[in-house]
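Protein chains: 2
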Amino acid sequence: MISEKMMSLGKKSSVIRGIFEYGKKRKAEIGAENVFDFSLGNPSVPAPKEVTEIMKEFLETVPAEVLHGYTSGPGDIGVRTEIANYINNKFKVEASANLIYMTCGAAASLTISLNAIVNSGDEAIVLAPFFPEYRVFAEQAGATLKVVPCKKEDLQIDFVALEKAITNKTKAIIVNSPNNPSGVIIPECDIIKLSELLNNKQEEYGTDIYLLADEPYRELVFTGEEVPYIPKYYDNTIVCYSYSKALSLPGERIGYIFVSPKVTDCGDVYAAVCGAGRALGYVCAPSLMQYTIAKCLDKTADVSIYEANRKMLYDALTEYGYTVIKPDGAFYMFVKSPVEDANEFCEMAKKYELLLVPSDDFGVNGFVRISYCVSPEQIENSLPAFKKLIEEYKK
Amino acid sequence: MISEKMMSLGKKSSVIRGIFEYGKKRKAEIGAENVFDFSLGNPSVPAPKEVTEIMKEFLETVPAEVLHGYTSGPGDIGVRTEIANYINNKFKVEASANLIYMTCGAAASLTISLNAIVNSGDEAIVLAPFFPEYRVFAEQAGATLKVVPCKKEDLQIDFVALEKAITNKTKAIIVNSPNNPSGVIIPECDIIKLSELLNNKQEEYGTDIYLLADEPYRELVFTGEEVPYIPKYYDNTIVCYSYSKALSLPGERIGYIFVSPKVTDCGDVYAAVCGAGRALGYVCAPSLMQYTIAKCLDKTADVSIYEANRKMLYDALTEYGYTVIKPDGAFYMFVKSPVEDANEFCEMAKKYELLLVPSDDFGVNGFVRISYCVSPEQIENSLPAFKKLIEEYKK
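Heads up: the protein sequence lines correspond to chains A and B, in order. Taking our numbering, I'd label the letters of the first sequence as residues 1 to 395. Taking our numbering, I'd label the letters of the second sequence as residues 1 to 395.
One or more of the hints may lead you astray.
A pair holds if it fits inside one copy or across any two, identical chains being indistinguishable in the list.
To be verified - With a Cα cut of at most 25 Å, we get these calculated PhoX-like pairs of lysine-lysine:
#: 1; residue 1: LYS387; residue 2: LYS12
#: 2; residue 1: LYS201; residue 2: LYS232
#: 3; residue 1: LYS388; residue 2: LYS5
#: 4; residue 1: LYS169; residue 2: LYS395
#: 5; residue 1: LYS12; residue 2: LYS262
#: 6; residue 1: LYS11; residue 2: LYS262
#: 7; residue 1: LYS5; residue 2: LYS262
#: 8; residue 1: LYS299; residue 2: LYS56
#: 9; residue 1: LYS92; residue 2: LYS295
Don't read these hints as lab results, they were simulated from the structure. Bear in mind the structure is a predicted one, so any value in this text is a computation, not a measurement.
Using the sequences plus the hints, can you model the full thing?
Next comes the structure, spelled out in structure tokens:
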């Protein structure tokens, strides 16, 4: 027999994918312009033109056997040095190239980090709502996933619930801010509180509890504020970064792991990251992309488009009578279902050709996720449908 | 405590890497032209110019949000269709897009395939000499590795030893032809014999034994013959392909898994491949590279350079008195150590600034591997050193 677990993972496509596939079918039936697909987090804004220009320049000037040759396993040392310098300038921490490991994007950053630190029987905590693949990644690494719901009113950390969930087996807590699926950003005061709680628990149990900061949406913030940089607040932090959203390069699979120098025995943890990358078959991150992002560290895709989408959608939905958690970042909006069962609400939405994702898969009930990384036209055209949809529930 | 296993994998760099690092140091000391580094399998021949041209064309003509957007998890359907058509035209098997899964290169092809089929306690067999990372990949997937030595005289399969090694726990046999580190190609008659043996054992035990055909060197053949395509001979075959060597793109991490349609319940195995890719954090293979290789399926890097290197080196070494296993493919040559301990021989070689890899890590004793994917000048300049080295043993 083959691996039943892997087979079922392969067969059971995610709910999000299922809705997306329905959307493709529906578009073929009634025309793409008549289906309002808000299911996927696929950036609609192109990569900055500098990214394209740098790639073309490299292709024209760097010998192909160098440009496309193996880099060292952790990534090209020049690239890692540039990233370390960028982090240090921006966040005033002491990053160094030998604590940075280039990855094939955020999913790889997480799977590699989890495999590096987890021993069989350890527990990993996620704060709901959470990105559903966290469960797959944590369980593959041998951890048991514990889900701690956030506070229903603002989807911020429920510290009472979190404290109860931490045990002497807690190896990792995954924090995702700005959050997918809610767009919520954890404020500095809560990061400080989280840090204090984890330090106390580490002392109480004599263990190390690693905070995995999953940060692909760091650059997508609409409040004008900087998202708190967790290594500044909590020592045992491993940053899992990706350029997928910041530079609109999700298909290229490029990101990094940064093991904070303040992590206990950070050299050992970094070595375990390198070992896990090796064991999972990641020989190196794609070389052309490594060199390219190193030249674009201060660039981001034009996030003002997402900001405008957010405003248009938020203003309209609240006006129509929806209850919306106002998103401060990312390109997701979490909307309260007017009925208890969000799946039922999503089925009703389909009648208006609105494709929304029920929140159950994200570990909470009663919400839907709207991915507004779509064209402004799609949002504008979808508004009458949103209006009619909520009116169904006012009858 | 973090994962000791991953930490030790990260700390213990491979023997090959160790020699390569020594070489870098030595080059800095005495000049690169005076060090004859034959340690790494990093292609010296550039990618075909068509690869560069196609990439530039895509960058100029395809909208960035499409070119760099997510593809589906198994890879872009158009790309997979083109690969399936190419395989069918070339090998007359019935490949289809829905049995092809795009990967980040051969290492990913192997780790994903192994995780798809292996349950804890299963055994995976490798034929020595073998690429040392096979052990890391198989053990990560939960398998126990069994090493079956090839026949010392020609490094071909020892069927008596192999038959003894197969048990009811044998889940996979990894076959690598042309072989790294020996360059040996398994002839058709042996593939037929292997197929018969495995079919008998499957029947005897009522199990499925998967043949993983690791084929990154398929296009690097110097005998004018086609390497036997294993799915034509053995039903339970999973092809693990990579474009790293064929198109000289090792840093870009692009390849595929092809589950033969004759594999038992091939749809389930393919689903398990998709599930394993998902669980290991491979969201999709790099998108630009997917689209690029699909336009270059009939291209290869200029392997005539490797062929000339092979001839120059083989002719000289045999003339000097070395015993060489004549390599039919890849860009490796396996040379008998004139003393029992190949490590001792490699230390002696260092005195002549020749950096060779002892065979112990490849699972056999008494040989060294020479990677001749270097410049013809390096080979020419190294010949006097090779001559003096063997003369040490004639005294």
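Now the hints, each set against the structure:
{"no.": "1", "hint": "LYS387 with LYS12", "result": "neither (33 Å within a copy, 61 Å between copies)"}
{"no.": "2", "hint": "LYS201 with LYS232", "result": "within (19 Å within a copy, 59 Å between copies)"}
{"no.": "3", "hint": "LYS388 with LYS5", "result": "neither (42 Å within a copy, 57 Å between copies)"}
{"no.": "4", "hint": "LYS169 with LYS395", "result": "neither (51 Å within a copy, 64 Å between copies)"}
{"no.": "5", "hint": "LYS12 with LYS262", "result": "between (40 Å within a copy, 23 Å between copies)"}
{"no.": "6", "hint": "LYS11 with LYS262", "result": "between (41 Å within a copy, 20 Å between copies)"}
{"no.": "7", "hint": "LYS5 with LYS262", "result": "between (37 Å within a copy, 22 Å between copies)"}
{"no.": "8", "hint": "LYS299 with LYS56", "result": "both (17 Å within a copy, 21 Å between copies)"}
{"no.": "9", "hint": "LYS92 with LYS295", "result": "within (20 Å within a copy, 45 Å between copies)"}
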